[in-house]
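*Asks:* Starting from the known structure of chain Z, fit chain A onto it as the hints suggest.
So the sequence lines, in the order shown, correspond to chains Z and A.
Mapping of the first sequence onto the working numbering: residues 1 to 243, in sequence order.
Mapping of the second sequence onto the working numbering: residues 244 to 425, in sequence order.
Rather than coming from a laboratory, the hints here were simulated on the basis of the structure.
Hints are not guaranteed to be accurate.
[What the hints assert, rightly or not] Restraint ranges, calculated between C-beta atoms of paired labels, are given here:
#1 55/Z / 287/A: 25 to 31 angstroms
#2 31/Z / 410/A: 29 to 35 angstroms
#3 406/A / 232/Z: 14 to 20 angstroms
#4 315/A / 16/Z: 27 to 33 angstroms
#5 55/Z / 297/A: 28 to 34 angstroms
#6 410/A / 4/Z: 37 to 43 angstroms
Note that the coordinates shown come from a computational prediction; the quantities given were computed from them, not determined experimentally.
We put the beta carbon where it would ideally sit given N, CA and C, even for glycine.
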Amino acid sequence: MNPVVSDETLNAFVDGELDVAESEALIARMREDKELAQRVCSLRSLQSMVRLAYIEPPVARGRQASSVPRRQFFQRCALGCLVVLAGLGGWAMRGLDSPPALAARPTTMPDGYQAVSLAQKADPNRVMLHLDSAAPDKMRAVLDQAEKLLDEAEREGRAMQLEVIANSRGIQLMRAGHSPYGERMAQMKQRHANLQWVACGQSIARFATEGQKVELLPTTRTAPTAIGEIVTRLQQGWTYVRV
Amino acid sequence: MISRFLFGPFRPSVEALRPVLYRIAYAWCHDAALADDLVQETLSKAWTRRSQLREEVALKAWTVAIMNHCWLDHLRSRRDFDDIEDWQDELESSADTPEVSCNRDQVIACVRSAVARLPLGQRQVLTLVDLEEFGYAEVAGILNIPVGTVMSRLSRARTGLRDLLDTAMQQPKAQPLLRRVK
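The following block holds chain Z by itself, in its conformation from the complex:
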């Protein structure tokens, strides 16, 4: 319906160069168009990164020697601010399309677990379960929850997508030969086509540097990083549950 907004226009918007009517029209569009909001968000965080990179430019050596320690201090502060601001910028922008940015509403979520979603109402049909520990009870809990959620959805006739994301020691659950639940997981995967086992690539690499070769169960998919996967899914409207 609407033509694609050009990069030039978005830049002008971010820099406050558009007039009020144009800006308002864009803001209205961003509420509906997640991708557009995403582009604006990335432009803004880029801008704050550039700004912070030059907050305290290095002083010419030998000319104002006294301010050198101060400079380092400022650089560290700036680095801290950069990290915080980049994060805040991102979250603040999310606020545009969903006023209460973090609506933790465990509508259909299992008791004792908190669901996090960027949407106003947590989506019960797209859920991530995050496991980062190899504790036996946690491993069992994640499988129990996954099964419970999927069965429930099946009974109610909802098409549900579910991802179990493992990183750190949680990888153990998905390692062939190490997982205590290999068979159960294979059966679950067979019964529910929309169930995904996702292992964090970075954690696998870390195991590798410790001299452990990680072989995953055949139905497992690898994501570059678990955090990246979680953030992407959250942005796509998924609900996040840490087990």
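*Replies:* Coordinates of chain A only, in the frame set by chain Z:
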């Protein structure tokens, strides 16, 4: 020379711009000593040309425009190019690639070196807009280019910067920087 600076309201107001000018100069050349020289030269030129300044409010933009001339003069003298227009879109500084800096885990250095790798014209527009929040029309006036060019350069600069940073951020994944400490 110095005593001449002491008179009139011009001196304090233009002197107050020193940090602003230095930041911009540094973002353009990424060389502290050169940036310092550029600022010095700009301030003395601003002083000698102070009669050309029409409105006091435009002081900052006017001074930055002078610095742009100083910077281009410097580049001309350093390189045997007759026409800067030709390499306005090409010149990259010889700074480290962002990947190299990121491995040293310095985000600021990483952004700076990515900015340094942008073509000169794009780098100037980006830094003027982002660091000093000049309007597009002001930037067009300072650099003496059309507003349309400001917009297209800025857009390309940000796209380029994001690509450079994306590559730089992805690099460490192959070799994790964080190691488990037991």
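*Asks:* Does each hint hold? Answer for all of them.
*Replies:* Status of each hint after checking the structure:
no.: 1; hint: 55/Z / 287/A: 25 to 31 angstroms; result: 27 angstroms, holds
no.: 2; hint: 31/Z / 410/A: 29 to 35 angstroms; result: 32 angstroms, holds
no.: 3; hint: 406/A / 232/Z: 14 to 20 angstroms; result: 19 angstroms, holds
no.: 4; hint: 315/A / 16/Z: 27 to 33 angstroms; result: 28 angstroms, holds
no.: 5; hint: 55/Z / 297/A: 28 to 34 angstroms; result: 32 angstroms, holds
no.: 6; hint: 410/A / 4/Z: 37 to 43 angstroms; result: 25 angstroms, violated
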